[in-house]
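S.K.: Here's the letter readout for the chains.
Number of protein chains: 2
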Amino acid sequence: MPPKPLDYESINKNVKKAQYAVRGELYLRASELQKEGKKIIFTNVGNPHALGQKPLSFPRQVVALCQAPFLLDDPNVGVLFPADAIARAKHYLSLTSGGLGAYSDSRGLPGVRKEVAEFIHRRDAYPSDPELIYLTDGASKGVMQILSTIIGGLGDGILVPVPQYPLYSATIALLGGSLVPYYLEETANWGLDTTELRRSVSQARYNGINVKAMVIINPGNPTGQCLSEANLRDVLRFCYEENLVLLGDEVYQQNIYQDERPFISAKKVLMDLGSPLSKEVQLISFHTVSKGYWGECGQRGGYFEMTNIPAETVDEIYKVASIALSPNVSAQIFMGLMVNPPKPGDISYDQYFRESQGILQSLRRRARIMTDGFNSCRNVVCNFTEGAMYSFPQIRLPPRAIEAAKQAGKVPDVLYCLKLLEATGISTVPGSGFGQKEGVFHLRTTILPAEEDIPAIMDSFKKFNDEFMEQYEDQRGYSRI
Amino acid sequence: MPPKPLDYESINKNVKKAQYAVRGELYLRASELQKEGKKIIFTNVGNPHALGQKPLSFPRQVVALCQAPFLLDDPNVGVLFPADAIARAKHYLSLTSGGLGAYSDSRGLPGVRKEVAEFIHRRDAYPSDPELIYLTDGASKGVMQILSTIIGGLGDGILVPVPQYPLYSATIALLGGSLVPYYLEETANWGLDTTELRRSVSQARYNGINVKAMVIINPGNPTGQCLSEANLRDVLRFCYEENLVLLGDEVYQQNIYQDERPFISAKKVLMDLGSPLSKEVQLISFHTVSKGYWGECGQRGGYFEMTNIPAETVDEIYKVASIALSPNVSAQIFMGLMVNPPKPGDISYDQYFRESQGILQSLRRRARIMTDGFNSCRNVVCNFTEGAMYSFPQIRLPPRAIEAAKQAGKVPDVLYCLKLLEATGISTVPGSGFGQKEGVFHLRTTILPAEEDIPAIMDSFKKFNDEFMEQYEDQRGYSRI
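Line by line, the protein sequences give chains Y and X. Going by the UniProt record's numbering, the first sequence opens with residue 1, and the numbers climb by one from there. Going by the UniProt record's numbering, the second sequence opens with residue 1, and the numbers climb by one from there.
What the hints contain is simulated information worked out from the structure, not anything from laboratory work. Bear in mind the structure is a predicted one, so any value in this text is a computation, not a measurement. Treat the hints with care, since some could be wrong.
Any copy will do: because identical chains look the same in the list, a pair fits if it lies in one copy or spans two.
Stated by the list, open to error - Pairs of lysine to aspartate or glutamate residues, derived as EDC-like cross-links and limited to a Cα-Cα distance of at most 16 angstroms, are as follows:
id	residue 1	residue 2
1	Lys462	Asp372
2	Lys343	Glu32
3	Lys4	Glu312
4	Lys114	Glu131
5	Lys35	Asp105
6	Lys410	Glu25
7	Lys17	Asp315
8	Lys319	Glu25
9	Lys90	Glu470
10	Lys4	Glu280
11	Lys279	Asp7
12	Lys268	Glu280
This is chain Y alone, in the form it adopts within the complex:
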């Protein structure tokens, strides 16, 4: 019998090539252990509500009313919902043509795209055109669509930071393109260096790759650094000189835990650079409702903004978006609410402010506690989490641990993370899932466990780690370099 079309040997080879460690071996093992009754702390994925973060009340009230519009005609609606939530629900329903049950325009509701444009205008002090903003089912779907517009085959390359969030490597593999890595410098707080960018592009071109785009993740995932304005200027000049589209993954723009480098968007820096760059560099910027202090991952809402993209291409992107009809409408409304939250003086403002600041201030403290915790462990060094939701400590594995992993047929940091999981229930992602320099090992953990639980989690981690190091260091002692 010949193999069937959906037998493993027959399927699309690019599907088999794609790797996505965030839900890979470690996650699958954690899910098994959970089924067996073990308590698992899922810090593998930035999923705040799964770790107990409460949703912000106002947006949930508004979307609940949009789902149940008949409540708006009920004289008792005011018993359960504040007046400004009721008014907002009416506003968003007026932007739809048939409520949450009707497909919207494939680019998203025009009224919400207008609110996004106004938000970008306020944020950057440069105007933004709603016609160049497309709403998506989470930022990931937007990234995938843009990469599929750029990549036409194996010869097309995308510059991606290493370490990187594996959405990029996985999607490039699925699309049959080439990942062109540029290394972030751990000793310079995961800084981005244009010399390294030039080296990477030259080497790829020498190998026959047509390098077409560059990805930045700012704040960084998994690395947590915030790019400086000077760094962004360098990147944009580099893209201009090398004729690259810049993909700006800015989904963590609300998650900033230091004051030296506030978030600044690639779009603003580009506009500040003025002509010719501001009119020439092609830029796509991504945002989401999944991160920030919203953390509304399960809603699947996002947008991308296109800068300096010709109209014919914008139309092609619209056409492809149309094939799946429309992004889900309730998440579009979450996006509207995120970019246009309650204002001082609104009935719900005080509650909204209290809730959102509570989350943000706690994340800031958690970033500090976790970084300090990792740095107190034997053979572990960790840059401070300046932004985003992750710590990415380097684990300096003793040679005997590396040898043991080799014997077990595992990548060394996978072995470490598996043992950590079995011993403590802490579910992390090995650094190898994000890429790292040869012979160097990391893990990624979110900073999302409840603040009051973190000291115990870090104690448990330290106990495991220090025993692990003890076990694998040889008699002579393995000195920390």
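Chain X: place on chain Y using the hints.
M.R.: Relative to chain Y, chain X alone:
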């Protein structure tokens, strides 16, 4: 200056090749006219709520409560919500790990997948395994994922009915595969003939295409026919003999407007056929919350069930689903509600029954009124809409109309539909967007306008059509063949 990577000439050629007429030229022109203040009747897309269909109350109450779980602790919740909706909301929240704001497992919530499996078991009288059911953001996304698993390049072919819903042709083009058309027979009520299937496969193989899968749409879109059990048996035997995966697009399974051929799933027919077919034929079946009497298009909920797919491939499909993290969670709950609606005796049952039957009975009447209306028009013949949501009349264009279209550089049915739109505001999709035999022309319209509006719409259509025919028929008269 060389072209930039997102200039039209640089982008992925497959993106440019893909066509999706449902939101193509006609839709764009209709949107323009609407902006100019013209009243447009959007019958181009099966989007019931956009044409005034009211959502079913019970599922909206449940999902509203899931969005606002704090209401469940409010002593006044019973003022606005019935007790069974409250209980259901608690049930679904208990299936999540963090409510609607948390990513679910990438396959969807295990508890909802179990409800889907139970529904399939009740429907088909054969068991279904929740581990082989994956929830998706609408059925379209599921179809796209499965096609991307099958298609590895230009040599890989998919048998697709013509006329077909262009999700298939567009996705195959995007993925760089080959569409292998088989023609449905209009004079046999859009019947599917295995002789034609064999002809099509032979010809494709002769041309070097590796035909891997076959699509059926049952009930048909745009053609509205319901496949008989005998027809489905033939198709499954054909797939077995020719080593093809069958993709069963069954999103209209609730939309049946005659009693001779009730819906029967490909899965049930396959199981009825017994061994070896029931153990060998690879089948993927798709369903959605967008159609039926739910019409919850904007929520973006769907599932696919895999039959006879090896575990390694199921794992690969899981891995790829993981890259975009999870389908939106509120639509997963809609799916749970759709497959597990209120039962007799439940507080909300009477209302649910009244609402759903009201919609279904009205659609049945509308199918009849529209078919009869089309058949009363000059040079128009239309098969009865047995199921789904569309009428697909053949428009017998006079030679002079075809000539006029050629002069205008338009496909003849595009010209006809544009003129219809300008004259009446009725926004349809030309038959050429779905594929049709050479020299034969159609249009697709939904049967979704409000029942009370349909007579006027059909009068307006008839007036336009008959004048159009009058205008383009030559002096000698153009006889209806």
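S.K.: Please sort Lys35 with Asp105 into within, between, both or neither, judging by C-alpha distance up to 16 angstroms.
M.R.: between (42 angstroms within a copy, 14 angstroms between copies)
S.K.: Could you place Lys17 and Asp315 in one of the four classes (within, between, both, neither) given a Cα distance threshold of 16 angstroms?
M.R.: between (31 angstroms within a copy, 13 angstroms between copies)
S.K.: Classify it for me, Lys90 with Glu470: is the Cα-Cα distance of at most 16 angstroms met within a copy, between copies, both or neither?
M.R.: neither (63 angstroms within a copy, 48 angstroms between copies)
S.K.: Between the shortest in-copy and the shortest cross-copy C-alpha distance, which are at most 16 angstroms for Lys4 and Glu312: within, between, both, or neither?
M.R.: between (40 angstroms within a copy, 13 angstroms between copies)
S.K.: One pair to classify: Lys279 and Asp7, alpha carbons no more than 16 angstroms apart. Within, between, both, or neither?
M.R.: Only across copies: Lys279 and Asp7 sit 14 angstroms apart there, 49 angstroms inside one copy, limit 16 angstroms.
S.K.: When no copy is specified for Lys114 and Glu131, does a C-alpha distance of 16 angstroms or less occur within a copy, between copies, both, or neither?
M.R.: within (8 angstroms within a copy, 42 angstroms between copies)
S.K.: One pair to classify: Lys410 and Glu25, alpha carbons no more than 16 angstroms apart. Within, between, both, or neither?
M.R.: within (11 angstroms within a copy, 54 angstroms between copies)
S.K.: I want to check one pair: Lys319 and Glu25. Are their C-alpha atoms no more than 16 angstroms apart within a copy, between two copies, both, or neither?
M.R.: For Lys319 and Glu25, the Cα distance is within 16 angstroms only across copies (11 angstroms; inside one copy 37 angstroms).
S.K.: Which holds for Lys268 with Glu280 at a C-alpha limit of 16 angstroms: within a copy, between copies, both or neither?
M.R.: within (14 angstroms within a copy, 58 angstroms between copies)
S.K.: Regarding Lys343 and Glu32, is the shortest C-alpha distance of 16 angstroms or less found within a copy, between copies, in both, or in neither?
M.R.: neither (45 angstroms within a copy, 35 angstroms between copies)
S.K.: Evaluate Lys4 and Glu280 at a C-alpha cut-off of 16 angstroms and name the case that applies: within, between, both or neither.
M.R.: Intra 49 angstroms, inter 9 angstroms, cutoff 16 angstroms: inter-copy only.
S.K.: Using 16 angstroms as the alpha carbon limit, work out where Lys462 and Asp372 are close: within a copy, between copies, both or neither.
M.R.: Result: close within a single copy only, 11 angstroms intra versus 77 angstroms inter.
Hints 2 and 9 from the earlier list are contradicted by this structure; the remaining hints agree with it.
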